[in-house]
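Going left to right, the sequence shown walks through residues 159 to 454 as this note's numbering numbers them.
By construction, these hints were calculated from the structure, which means they are not laboratory data.
Since the structure is predicted, the reported quantities are computational estimates derived from the model, not experimental observations.
Honestly, I wouldn't trust all of these hints.
[Stated by the list, open to error] Here are the simulated DSS-like cross-link-like pairs (lysine-lysine), alpha carbons at most 25 Å apart as the crow flies:
| hint | residue 1 | residue 2 |
| --- | --- | --- |
| 1 | K255 | K243 |
| 2 | K255 | K201 |
| 3 | K405 | K443 |
| 4 | K194 | K255 |
| 5 | K443 | K345 |
[To be verified] Ranges between beta-carbon positions, derived for each pair:
| hint | residue 1 | residue 2 | range |
| --- | --- | --- | --- |
| 6 | P417 | K194 | 25 to 31 Å |
| 7 | K405 | E174 | 45 to 51 Å |
| 8 | P285 | A163 | 29 to 35 Å |
Note that the Cβ used here is the ideal one computed from N, Cα and C, for glycine as well.
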Amino acid sequence: MAHRAGLFPWIPFYKETLVNDGNRTRPSSYFYNSKKSDVFNIKVASRMYMRGDYVNSIWDQIITGQNLQSTDYRYSDLGFIMLRKVVEEVSGMPMNKFLDDTYYRPMGLYTMTFKPLEKFPLSQIAPTEDDRYFRQQVLQGDVHDMAAAMLGGVSGHAGLFSNSIHLATLMQMLINGGTYGGLNYLKPETIKVFTTRHPGGTRRGLGFDMPQTDWSLTQNVTAKASRETFGHIGFTGTAVWADPQEKLVFVFLSNRTYPTMDNNLLERRNYRMKAHAIAYDAINKYDHSGDLNASL
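Kindly generate the complete structure, drawing on both the sequences and the hints.
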């Protein structure tokens with residue numbers, strides 16, 4: 159979970175399920191069907207179902223595939239894909255059900271869910287990408303990540319949908335030391351383990367990203383944030399940061415990948431970090447005593 163397991167960053171599982179007919183690359187009819195059946199029972203997009211037995215091939219490629227020799231830091235999705243198996247083995251239930259029953263529903267996080275089309279109309283979900291390389295359609299309500307889609311939309315590395323308020327609530331619970339609304343969800347010492355940098359000078363805790371200890375290096379957070387800040391930035395254009403020292407939660411949601419994931423303007427112009435800095439500037443206009451009139 160600290161990205162030091164020697165795993166490759168990712169494996170393009172979907173590519174071996176495509177065929178080229180001379181004019182274009184498209185999903186193979188051996189692997190996909192437009193109708194759900196006992197064989198084709200994994201939904202990867204609207205009117206697109208993958209054969210269920212290919213899931214075993216995905217797990218096999220992760221477990222038996224060649225790994226890197228070094229245990230130096232290298233970001234990888236694969237460990238978090240396997241995390242789903244760990245959660246399900248320990249909890250004895252599907253990961254999405256465990257999270258719903260243990261955290262999301264008790265905390266009132268009704269928009270936080272995997273497979274949102276089972277709960278919400280399409281009109282309430284932003285489109286993610288006009289996918290012309292794999293699923294050949296506009297993705298809306300189905301997970302953007304190809305591997306997560308091929309695992310049925312539930313994975314440890316991708317697939318979770320939410321609005322900004324409910325993401326902020328989850329992060330506030332972590333700042334609170336595991337409590338929210340008078341209920342305890344995690345032990346403070348557990349949160350401490352996950353939000354402490356891994357030995358070796360990386361900016362990673364367990365799962366969480368954190369500021370670089372050397373501020374001369376490229377940062378994902380504003381320099382105004384404390385070094386205890388933890389959170390995550392997402393491929394599709396998201397960011398969540400919690401600063402325990404300042405008691406500040408920052409949530410940034412965008413669909414960077416629409417209409418295409420080749421759009422890198424968000425990263426190139428550093429909008430997430432700039433917005434993060436604006437949040438600190440805004441709260442610093444007020445006196446820390448809580449007197450909102452102090453700066454008026």
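A quick look at each hint next to the structure:
no. : hint                    : verdict
1   : K255 - K243             : 13 Å, holds
2   : K255 - K201             : 18 Å, holds
3   : K405 - K443             : 15 Å, holds
4   : K194 - K255             : 22 Å, holds
5   : K443 - K345             : 34 Å, violated
6   : P417 - K194: 25 to 31 Å : 27 Å, holds
7   : K405 - E174: 45 to 51 Å : 48 Å, holds
8   : P285 - A163: 29 to 35 Å : 34 Å, holds
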